[in-house]
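Enquirer: Sequence:
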Amino acid sequence: MATGAKVATTHVALVVVVLLSDLLFTGIVFGWAPMLLLLLEDEQFHELCVDGEPGDGGDGLLAPCAAQENRLNLIFALAAVTTNAASLPVGVFLDRCGPTVTTVVAGVVEVSALLLLAVADSREFDVFVPAYILLALGGCLTMMASYPASFVVPQHQTAVLAAISCLFDGSSVVFLVLYSLRSVFRLPRRALLIGFAVLAAGVYALLTVLWYLTEHVVRRDDARETVGLLLEKEIPRNSPVSDKAAKQLLKTHYVDYGTLNEEMLSKSMDADEIHALYRSGVIETKLNDMSIRHQLRTFEFAFLLCFASVHVFRTSLYIGSASKVLLNYGDGDRDFLYTKIFSLILPLGFVFVPAIDYVVERRGLTLSLLLTNAIGVLYNALVLVPVLPLQCATFAVFTGFRAFLYAVLSAFTAKTFGLRNLGTLLGIVFSVGSVVSLLEYPAVSLSNSLAHGDLSTTYWLSLALCVALFPLAELYRQRERTRAKRHRQLLARFGSSVLSPDAERPAALSYRRSPCLSDPPLPVSQPKPLQQ
Numbered sequence: 001m002a003t004g005a006k007v008a009t010t011h012v013a014l015v016v017v018v019l020l021s022d023l024l025f026t027g028i029v030f031g032w033a034p035m036l037l038l039l040l041e042d043e044q045f046h047e048l049c050v051d052g053e054p055g056d057g058g059d060g061l062l063a064p065c066a067a068q069e070n071r072l073n074l075i076f077a078l079a080a081v082t083t084n085a086a087s088l089p090v091g092v093f094l095d096r097c098g099p100t101v102t103t104v105v106a107g108v109v110e111v112s113a114l115l116l117l118a119v120a121d122s123r124e125f126d127v128f129v130p131a132y133i134l135l136a137l138g139g140c141l142t143m144m145a146s147y148p149a150s151f152v153v154p155q156h157q158t159a160v161l162a163a164i165s166c167l168f169d170g171s172s173v174v175f176l177v178l179y180s181l182r183s184v185f186r187l188p189r190r191a192l193l194i195g196f197a198v199l200a201a202g203v204y205a206l207l208t209v210l211w212y213l214t215e216h217v218v219r220r221d222d223a224r225e226t227v228g229l230l231l232e233k234e235i236p237r238n239s240p241v242s243d244k245a246a247k248q249l250l251k252t253h254y255v256d257y258g259t260l261n262e263e264m265l266s267k268s269m270d271a272d273e274i275h276a277l278y279r280s281g282v283i284e285t286k287l288n289d290m291s292i293r294h295q296l297r298t299f300e301f302a303f304l305l306c307f308a309s310v311h312v313f314r315t316s317l318y319i320g321s322a323s324k325v326l327l328n329y330g331d332g333d334r335d336f337l338y339t340k341i342f343s344l345i346l347p348l349g350f351v352f353v354p355a356i357d358y359v360v361e362r363r364g365l366t367l368s369l370l371l372t373n374a375i376g377v378l379y380n381a382l383v384l385v386p387v388l389p390l391q392c393a394t395f396a397v398f399t400g401f402r403a404f405l406y407a408v409l410s411a412f413t414a415k416t417f418g419l420r421n422l423g424t425l426l427g428i429v430f431s432v433g434s435v436v437s438l439l440e441y442p443a444v445s446l447s448n449s450l451a452h453g454d455l456s457t458t459y460w461l462s463l464a465l466c467v468a469l470f471p472l473a474e475l476y477r478q479r480e481r482t483r484a485k486r487h488r489q490l491l492a493r494f495g496s497s498v499l500s501p502d503a504e505r506p507a508a509l510s511y512r513r514s515p516c517l518s519d520p521p522l523p524v525s526q527p528k529p530l531q532q
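Residue numbers (the UniProt record's numbering): 1 to 532.
FYI, nobody ran anything at the bench for these hints, they're computed from the structure.
As the structure is a prediction and not an experimental result, all values here were calculated from the model.
Hints are not guaranteed to be accurate.
[To be verified] What follows is a set of in silico ranges between Cβ atoms, one per label pair, in the way DEER data are often shown:
#1 467 x 50: 34 to 42 Å
#2 10 x 353: 27 to 35 Å
#3 124 x 362: 57 to 65 Å
#4 177 x 435: 30 to 38 Å
#5 10 x 341: 35 to 43 Å
#6 127 x 13: 33 to 41 Å
#7 482 x 9: 46 to 54 Å
#8 50 x 297: 47 to 55 Å
#9 390 x 10: 44 to 52 Å
Built from N, CA and C at the ideal position, the CB exists for glycine as well.
Build the full structure now, drawing on both the sequences and the hints.
Expert: This is how it looks when you write it as structure tokens:
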């Protein structure tokens, strides 16, 4: 009993430290606004300004000239791209090496990045770009290594996954805390970041030890030890089962392979033939016929890629240029109060989780996509109103939009394509999105050179891109209705429509599963013995 208690304590400690590391490191690069203020106060890249250019913002704080702003914006743009582009290779690395090794690499990368950022100087040792890129890579490694922790406490798996997602946004407040410490205690940037690097080294060392003691728990053999349940793989081929058990098999494959696979199957076979396959237990072979290569060629994936790419770009654009927009609206005269408010509101995406769950689970995926796009239009419209107090509403709407966006994208991928290829598909989506988001840098640069820093034209174009997604979403909605009708016809053969794509979503589908494990089949309730 003592041993069991010790193991349980280790598991809890691992989850706590994993969540702490997520809060401190995973999305730290997106706290760019206070980091920008730190660099401006240190007059980094001020030497790029030509004599006579605007540069004195008053109160001893330098407002950037165009060349300085472009160079600083490049730092954030490349780091934001790295965060998304690294997701696929980092997932493959985790799959091959496991969470312990991944955590060690994450710690080395993150601590190195913080030390470089501490000693960097634009005149003598300009390593700001590689330092911030490494910081983004370390955050990506840290977050990816966090997913297997949800398997350590399976009874709270969904809660752990939800916390990981929320803390990614929450970590953007770290630089605001450091900036506040600097303001209160007059600490230099070097001292702040070196101190934070020491803290990071301690957290990663503890996390590595805990993973070393616990990694065996997330092995597939342990995950399969479920008492009183009959796994789908254990149903003998051609073994007749009840309609109730067959219906459970349908649910299992709906989760594992997605409704798109059911659609492809229903096009080639009628409901009676499919029903017979479910009853015999050989349906998996049919559903496995749809490879990821086939999935990548579907309209649904093309829609997902387009929707995600546009909005990932728009998200990067606003985060990267918010401080400039606020400066244009007069935030410099208020000691950058609204920039600080934005940094405080951005990590609060977790308050929208109940609304996201309700919309996705109760109102359906199609409405979720349309609502997400509508929220994107709303925040973009608010940005274009040059009233500084109104921007607080913009901050709140944008935070909700960002929370909805990433939850809906993962739910769309899971429901449409299933969990089996979820990690690979999301990695591809965000990698492509990161390339598209590179447009954020030339968009801001052109605004500086052609419009004297006025970003109105850029945001009008961003709004147009968002509005242009509505016809595409409507096309998807029409296809979804047709697909849902066929799916309901199939389910009607089993006497239930509970698994309709517009009905309740299986638990935890909105979260990415760990690429460290193969996806074991979902448990299926033991069918009652057949009457003789």
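Enquirer: Each hint: holds or not?
Expert: Structure-based check of all given hints:
1. 467 x 50: 34 to 42 Å: holds, 39 Å
2. 10 x 353: 27 to 35 Å: holds, 28 Å
3. 124 x 362: 57 to 65 Å: holds, 58 Å
4. 177 x 435: 30 to 38 Å: Given about 32 Å between the Cβ atoms, the range holds.
5. 10 x 341: 35 to 43 Å: holds, 41 Å
6. 127 x 13: 33 to 41 Å: Given about 35 Å between the Cβ atoms, the range holds.
7. 482 x 9: 46 to 54 Å: Holds, since residue 482 and residue 9 (Cβ atoms, about 53 Å apart) stay within the stated range.
8. 50 x 297: 47 to 55 Å: Given a distance of about 52 Å, which is inside 47 to 55 Å, the answer is holds.
9. 390 x 10: 44 to 52 Å: Distance hint for residue 390, residue 10 holds at roughly 50 Å.
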